[in-house]
Amino acid sequence: MASRYQEVYQSWIKDPSAFWAEAAKAIDWIKPPQKIFDPDMGVYGRWFPDGTLNTCYNAVDRHVKNGRAEQAALIYDSPVTGMKRTFTFAQLLAEVNAVAAVLKDFGVVKGDRVLLYMPMIPEAVIGVLACARIGAIHSVVFGGFAAKELATRINDSQPKVIITASCGIEPNRVVKYKPLLDEAIELAAVKPEKVLLLQRPQEKAEMIGGRDFDWGDMVVPALAEGRTVKPEEMAATDPLYILYTSGTTGVPKGVVRDNGGHAVALCWTMKNLYGIEPGEVFWAASDVGWVVGHSYILYGQLLYGATTVVYEGKPVGTPDAGAFWRMIEEYKIAALFTAPTAFRAVRKEDPNAEHVKKYDLTSLRTLFLAGERADPDTVAWAEKILGVPVIDHWWQTETGWAIAGNPIGLGALPVKHGSPTVAMPGYDVQIVDEGCHQVPAGKMGSIVVKLPLPPGCLPTLWKQDERMKESYLTEFPGYYKTADAGFIDEDNYLYIMGRTDDIINVAGHRLSTGGMEEVLASHPDVAECAVIGVKDELKGEQPCGFVVLKSGVTRSPIEIEKDLVKLVRDKIGPVAAFKIAITVNRLPKTRSGKILRGTMKKIADHDPWTMPATIDDPAIMDEIMAALQTKGF
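Sequential numbering from 5 applies to the sequence shown in my numbering.
Please note that the accuracy of each hint is not assured.
In silico DSS-like pairs for lysine-lysine, Cα to Cα no more than 25 Å straight-line [claimed, not checked]:
#1 Lys195 <-> Lys152
#2 Lys575 <-> Lys539
#3 Lys208 <-> Lys318
#4 Lys543 <-> Lys575
#5 Lys336 <-> Lys88
#6 Lys318 <-> Lys362
#7 Lys485 <-> Lys566
#8 Lys362 <-> Lys554
#9 Lys635 <-> Lys554
#10 Lys18 <-> Lys114
#11 Lys361 <-> Lys388
#12 Lys485 <-> Lys18
#13 Lys575 <-> Lys420
#14 Lys88 <-> Lys108
#15 Lys447 <-> Lys566
#16 Lys69 <-> Lys275
Since the hints were made in silico from the structure, they are not lab data.
Kindly generate the complete structure, drawing on both the sequences and the hints.
This is the structure:
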């Protein structure tokens with residue numbers, strides 16, 4: 005079908021308030037908003053300022069009332085424990101009510117903060133929705149996060165209650181959460197009054213009398229008694245949650261999401277961007293600690309009446325590279341959303357996609373990729389093995405939903421490999437130079453979004469309005485700074501070439517490390533790669549490429565490295581001055597799959613560096629240092 009994208013985007017440009025007023029009709033309001041946008045409220049204006057609603061009611065209760073009580077709301081699948089469970093909307097409502105009742109018993113009231121430090125289990129979703137029900141502001145911190153980093157988040161959000169579990173489970177180990185949490189509380193200047201602890205069978209945690217309460221002793225009886233809690237009436241502008249951005253040091257950056265704009269934006273995306281219908285299964289293979297998990301595990305599907313998935317496993321190793329395909333077949337998943345790094349891991353383990361042949365994937369209509377740049381080679385491989393559209397889209401923790409994408413529900417636009425396609429309604433995306441002047445099509449610059457940001461984006465940082473302005477709104481007046489660099493082509497397709505600091509200056513030439521990574525990834529032996537700019541006395545910076553080879557490659561790494569140097573020279577030209585390729589067994593990444601290029605650069609430059617709190621496996625840094633030393637760094 006022909007895409008309606010242009011028509012819809014133009015309708016937003018013509019009358020943004022009318023556009024979002026129409027989108028807001030998908031939400032059940034207590035008091036429907038009469039004013040759609042107030043430019044004088046907050047840091048840059050606020051959406052639906054006079055509307056009231058309850059997000060939990062919209063995510064659960066209304067579907068029970070409207071005939072979806074027995075539909076699957078949440079599917080839990082844990083290959084690491086062998087546990088599987090499906091909750092209907094009616095069952096989910098009962099569970100949420102029980103936890104909400106316990107939080108009320110603990111004295112939690114509207115506006116209090118509750119911090120969740122949880123693995124990928126249903127109780128994480130239930131706990132979050134219980135907070136939304138009673139008007140408490142939740143802050144989810146990735147389970148297993150280091151004690152010091154957790155303590156800074158406790159100090160910043162000052163939670164009255166912390167909800168946690170005794171452990172998280174990785175393919176080869178059990179991660180004890182409670183000792184990490186106890187240490188974090190010890191370090192924190194601000195202490196929670198109570199801790200609600202779910203004891204998992206794999207690890208029994210010690211309890212601290214008077215502070216710690218067992219989920220089994222508190223929630224299970226409340227559920228058995230059928231306790232209920234009336235949803236709290238919330239202003240659309242009231243905070244729903246605080247999500248701390250990764251990689252912060254000192255005072256963390258708490259991204260605030262409000263109730264009204266969040267619900268409206270996510271409901272709009274489910275149909276228009278993702279092409280999902282109520283009752284269908286949409287799986288975001290992420291974690292509740294990240295923004296993707298917030299938007300499309302905790303909220304999006306439930307707000308819309310679709311089915312969400314909580315998966316406690318990995319793309320490979322639980323048990324093999326067919327894990328995703330087993331899930332799609334078993335639960336008839338209509339759309340999968342994951343990070344490109346997950347597909348690179350699958351491809352590395354199973355380059356010929358032998359596992360795909362074992363499963364019935366006819367339910368899958370679309371694969372969505374986000375979280376980092378989707379290199380064209382990975383996209384092409386996924387298209388070939390799955391035979392469905394593979395859609396890259398681009399967004400940030402701060403925006404909460406896609407800035408740019410390919411709106412499947414409006415009729416897909418042609419895919420251009422390397423581009424997340426076009427700006428979504430709500431976003432006026434522009435490319436500017438250092439002086440905030442727009443640059444011509446095809447020329448690289450800083451990617452900015454004209455204010456105001458649409459509903460669903462951060463209105464501010466938690467208790468840090470000035471930092472919000474300084475971090476995002478000052479450098480380019482009238483615009484939101486994405487801190488990403490790229491260009492827009494003659495068809496208005498956007499290309500993200502890396503973070504602004506991933507643009508390197510080689511002998512006066514501004515070059516994109518993303519463009520070089522694209523070339524390296526096209527080599528048939530390369531599974532994944534990262535390019536950084538290393539200090540160079542003569543040229544200012546020189547590019548250095550790290551590559552991970554596919555399983556089963558027999559050629560010597562030295563030969564392949566020579567190939568790669570030649571390949572970049574042929575495709576980008578001598579101007580790139582690309583002379584260093586280093587083969588490594590793996591790349592250092594955050595738990596969400598982002599490659600830690602900044603830390604790798606500091607190591608190569610011999611600058612001071614600290615182990616990132618979000619790193620997946622600290623031991624990888626030793627391998628990177630050793631690899632750099634072999635090349636004379």
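| query | Can the restraint linking Lys575 and Lys539 be considered satisfied, given a maximum Cα separation of 25 Å? | reply | holds (23 Å)
| request: Below or equal to 25 Å on CA atoms is what counts here, so check Lys18 against Lys114. | output: violated (38 Å)
| query | Are the Cα positions of Lys318 and Lys362 separated by 25 Å at most? | reply | holds (19 Å)
| request: Verify the proposed pairing of Lys208 with Lys318, using a straight-line Cα cut of 25 Å. | output: Cα-Cα ~24 Å, so holds.
| Under the criterion that the straight-line Cα-Cα distance not exceed 25 Å, is the pair Lys543, Lys575 satisfied? | With Cα atoms ~20 Å apart, Lys543 and Lys575 stay inside 25 Å; holds.
| field | Proposed proximity, Lys554 with Lys635 (alpha carbon, max 25 Å) | value | With a Cα-Cα distance of about 22 Å, the restraint between Lys635 and Lys554 holds, given a limit of 25 Å.
| task | Given the hint that Lys485 pairs with Lys18, test it: the Cα-Cα distance must not exceed 25 Å. | result | At roughly 24 Å apart (the allowed maximum being 25 Å), Lys18 and Lys485 satisfy the hint.
| Are the Cα atoms of Lys362 and Lys554 separated by 25 Å or less? | holds (22 Å)
| query | Holds or violated: Lys195 with Lys152, Cα cutoff 25 Å? | reply | holds (14 Å)
| query | Are the Cα positions of Lys336 and Lys88 separated by 25 Å at most? | reply | holds (15 Å)
| Proposed proximity, Lys420 with Lys575 (alpha carbon, max 25 Å) | At roughly 18 Å apart (the allowed maximum being 25 Å), Lys420 and Lys575 satisfy the hint.
| said: Holds or violated: Lys88 and Lys108, Cα atoms, limit 25 Å. | reply: violated (30 Å)
Checked against the numbered hints listed earlier, the structure breaks hints 7, 10, 14 and 15; every other hint is satisfied.
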